[in-house]
Amino acid sequence: MAEHFLGLDRSARTGDRKVAWCTSVGPAELLRAMDFDVYFPENHGAMLGTTRLAMDYIPVANAAGYSPDICSYLTSDVGAFLRGATPLTRAYDIRSVPRPDVLVYSTNQCRDVQEWFTFYARRFGAPCIGIAAPRSVGELADAQVDDVRLQLEALVPHLERVAGRPLDVEALKRTVGLSLRATRLWAEVLGTAARSPAPLTFFDGAIHMGPIVVLRGTQQAVDYYELLLREMRERVRDGVAAVEGERHRLYWEGMPVWGRLRALSELFASLGCAVVASTYCNSWVFDAFDPSDPFRSMAKAYTSIFIARSEEVKQRYLEGMLERFAIDGIVFHDSRTCPNNSNSRYGLPQRLQEATGVPALVLDGDLNDLRCFSDEQARTNIEAFVEQLGG
Amino acid sequence: MSVATGDTWAGVDVGSTTTKAVVIDGRCEVLASHVVPSGTDLGRAASTCLEEVLRAAGGPAPRAVVATGFGRSAVKGADGAVTEITCHGRGAFLEFPEAITVVDIGGQDTKVISIDRTGRRVGFRMNRKCSAGTGTFLEEIAHRLGVPLGDLDAMARRSKKAAPLSSYCTVFASTEMLSRIRAGEPIEDLVRGAYESVVRRVVELTALRGTVVVTGGVVAFNPIVAEILGSVSGADVRVPRRPQLIGALGAALVAKDGLRVHQEQEV
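Listed in order, the protein sequences are those of chains U and L. The opening position of the first sequence corresponds to residue -19 in my numbering, with each subsequent residue numbered one higher. The opening position of the second sequence corresponds to residue 740 in my numbering, with each subsequent residue numbered one higher.
These are calculated hints, taken from the structure and not from any lab test. Note that CB positions come from ideal geometry on N, CA and C, so glycine has one too. Each hint should be verified, as a subset may be incorrect.
Have a look at the derived ranges for each label pair, beta carbon to beta carbon [unchecked claim]:
| no. | chain 1 | residue 1 | chain 2 | residue 2 | range |
| --- | --- | --- | --- | --- | --- |
| 1 | L | V861 | U | L207 | 52 to 60 Å |
| 2 | U | G300 | L | P887 | 51 to 59 Å |
| 3 | U | E224 | L | R783 | 33 to 41 Å |
Using the sequences and the hints, build the whole thing.
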């Protein structure tokens, strides 16, 4: 990861390589195949959350006209930029986020990313292009996949202009192949938690997911997950538990509360609960990548993600996960500023509980804005939930 | 669990506003109870409250003490700590042993707790991080209107027609009330409207099923809340004999059950 950020900093300062900003579930493979150095602002947002620097910078963005009710990744990131600050300074001695030559978004997760990228496009005078992705997708139709494929292909001339070179389709195929390998390994890593005791938790996964987000399409990501998978298999073989005396197995649905990752991890562990699986970590598992058909398979992969699906598809997915991971209870994080990834707002917890009998807890909070999170209320909710499970 | 006569158990419920303690005997009868303001030192409030209740109960020390409530972790010397969600469920079920929905309206939060006919909790919902619909809301209203908190219930009962408040936020609701009183609306109607606001926050938390049992300090001193809840929800709404003590009673029941949170009644 250090190499990733230092490389980006070097590219932006020297101009050796063009820098592209990309949404976390955006067409990173296309950008890498064209030799862009790829930077992911959502990853930066999560860093602002985990370091709790977000709380210093969200008000700055609010004062600049970005509402406290919109994505707090956006507000913490924009606020930090307006203050000339970044957690990369402390971590890697990097002064600022890398200046973009182009910004590429997909609205498959939400529309806020478009506004977010547009802010920077205006500031840097860089082109901002993207994909208007279908949302609330039920059964994925060919027409929807083709729509996104055509939009992906339409990005190419713009990117070629910025890159100053044509797209090498063979390079794209190789990149999609590397993404496929990494994503399969990541899926296997997460799958080891189906064993009891689970060798890793959602909280571990929220850290280990870094490479699948920011290094997808590279050999480093493949190497990282090969190593991690070996370690997880050893832990399974040796019966090493992520949570000693695993009494209850829980599922986390929704965004992490980045500024309380450790506190929540310790709280659940102290109650004998292993949060063994999550939608969030699995959101970077893309089954559909196919190196022989890169554009269409990317379109399919990036359109079939959970967050872009209908309530019915989401329920079906969650039912499968609850069964596969032998879940005793599911925690829905209702993240105040992230309506698109708060899946408790249209009755899903109630329907899921009715269908599966697995009790659900809805926890109010936020991904980055800790003003929306109450430690005491969260603790009481979680403890009461565990008592209900048979504490 | 069979115990010798004379054995006692204690529960202490350290709430955001008041701390309550009860001592029960082997038949789950309340031998003594005590309430003190929680103040800023929750550990001290709990110690004082427990000392007083044990003195009032007399006899030997209780077999076990369980702490609950917002300040449960601040109680020194307790044998265990259990959430108030479990304890209100346990306490309410003792008096109403059927499928019930417990509505606990406290100083800073409101909980809706679903209990099945065996006494097992099957779900719950707490208010969001906001004081709307809690005792603090009523305190703020009384403060801004310059009337004693204890007078609000009687004032609302003099109302002929509730004046609904449009604001969700406690602070904005109280300023809205002041503006409307200045504009000539009867204060009684606005106070009644404030109570209806509390109830609306409750009914929108989750669906109320079965008999509804209202517990906590707010209904203890503002019984009109239960009446309005009944008329708004259409549910059969009951209030236990000592609504403010239900959390502490539940904690004592958990203490008596050897810290098991689920009650053991057979169907």
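Each hint tested on the structure:
One distance hint, 52 to 60 Å for the beta-carbon pair L:V861 and U:L207, is violated here, with the actual separation near 44 Å. Checked against the given bound of 51 to 59 Å, the beta carbons of U:G300 and L:P887, roughly 58 Å apart, stay inside it. Separation of U:E224 from L:R783 is about 35 Å and conforms to the stated range, judged on CB atoms against 33 to 41 Å.
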